[in-house]
Amino acid sequence: MKKLKTLSLIMLLSMVSFAQSHITKTAHVNIFSSTIAEDITANNYTTMAKVNTETGSLIFSVPVQGFEFDKALMQKHFNNSNFMNSKQFPKIKFVGNIVDMSKIDFSQNGSYTISVSGELTIRDVTKLITEEGTITIKDEGISTTSVFTVKGIFDYGVGKPSSKRKANNVAEDIKVSLQADFYK
Amino acid sequence: MKKKIIGVVAIIVLLGGGIGLYMLNMPHRDALNIEAEFNLTASELANQFLENNKLANSTYLSEDGDSKVGIVKGKVIEVGKNAKGDSYVIIRDDKSFVGAQCSFQGKINVHISDNISVKGVIRSGAEYDEDFEEYIDVIMEQCSLINNN
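In the order they appear, the protein sequences are chains A and B.
For the first sequence, our numbering gives the first residue as 1, with consecutive numbering after it.
For the second sequence, our numbering gives the first residue as 1001, with consecutive numbering after it.
By construction, these hints were calculated from the structure, which means they are not laboratory data.
Note that the coordinates shown come from a computational prediction; the quantities given were computed from them, not determined experimentally.
There could be a bad hint or two in this list.
What the hints assert, rightly or not - If you want a taste of the chain B side facing chain A, the calculated C-beta under 7 Å gives, among others: (1) Leu1061; (2) Glu1063; (3) Ala1083; (4) Lys1084; (5) Ser1087; (6) Ser1124; (7) Phe1132.
Stated by the list, open to error - Distance ranges between label pairs, derived from CB positions: (8) Gly152(A) - Met1001(B): 32 to 38 Å; (9) Asn97(A) - Gly1016(B): 50 to 56 Å; (10) Thr1059(B) - Thr134(A): 38 to 44 Å; (11) Asn43(A) - Asp1114(B): 24 to 30 Å; (12) Asn1115(B) - Lys184(A): 25 to 31 Å; (13) Lys151(A) - Leu1055(B): 33 to 39 Å; (14) Ser117(A) - Asn1147(B): 31 to 37 Å; (15) Ser1058(B) - Ile129(A): 28 to 34 Å.
Quick reminder that beta carbons are idealized off the backbone N, C-alpha and C, glycines included.
Put together the whole structure using the sequences plus the hints.
Structure below.
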């Protein structure tokens, strides 16, 4: 009988922990870069994201080749070994945490400005970033949005070395807008 | 003689300009119009990435982002739509933890447990991700339904 109790407790706990993790496989990521030459933008609709409402962990996995540009040639350059090298590094990854978890009440509808801190990995180069975003709890589920700037993308090994780079061709800072809806 | 030279130069300039313009405005490749280079179950394809990630990446991914186009088949375990409003499905072999996530161009009418074949372009391979503590499926886009049994 005791065994049964323990077993049902374990099952209950595992169900609770399951409910605290929410996954989406279709988060939307937009990147935007503005230079004197032109504005460049691309969209990605196949990003996987996971939020844990107990621990505050937030993870994103972005397939690099999933970025769609207006111009095919731009898309080819973006994937090229000199730039994102997507054949060798097919994913961009972010692993972080919501810093100020205590202010979020997941039990009722509401919207909060949050700070998220964690490791961004591009081309196998990992850097610590802290950005602001919004988390909204509504009837359909949890929604997260953020607009931030990835600074100094060349430091991630993206693009040619500075000595060979043409000035102003690619902006050093890339504006990122993301939306991940963890709906039931 | 002078006229001839001017003519030749003009032709070269026009040709060069034309090629340049074409390159700049080159249309996107559409997986629909490309012959399939592989035909596997979704989980067979995913397992190739799990078994030897380096080999599978070099087999299926292209440096310019126009990676291999092929056909995958499997049982639908998830159907939904993305932020653009386009449908996507996840298909796997029976009892398999990993397969392919395929995004369509527009809406499709399939249901959970349908066995389907899908043609599309690979964007990224499958992997076990320790941070997600989950298998991530092969990501395919520009998908079209080949058949729905």
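For this session: Give me the numbers of the hints this structure contradicts, sorted from smallest to largest.
Result: Checked against the structure, the hints that fail are numbers 5, 8 and 14, while the rest are satisfied.
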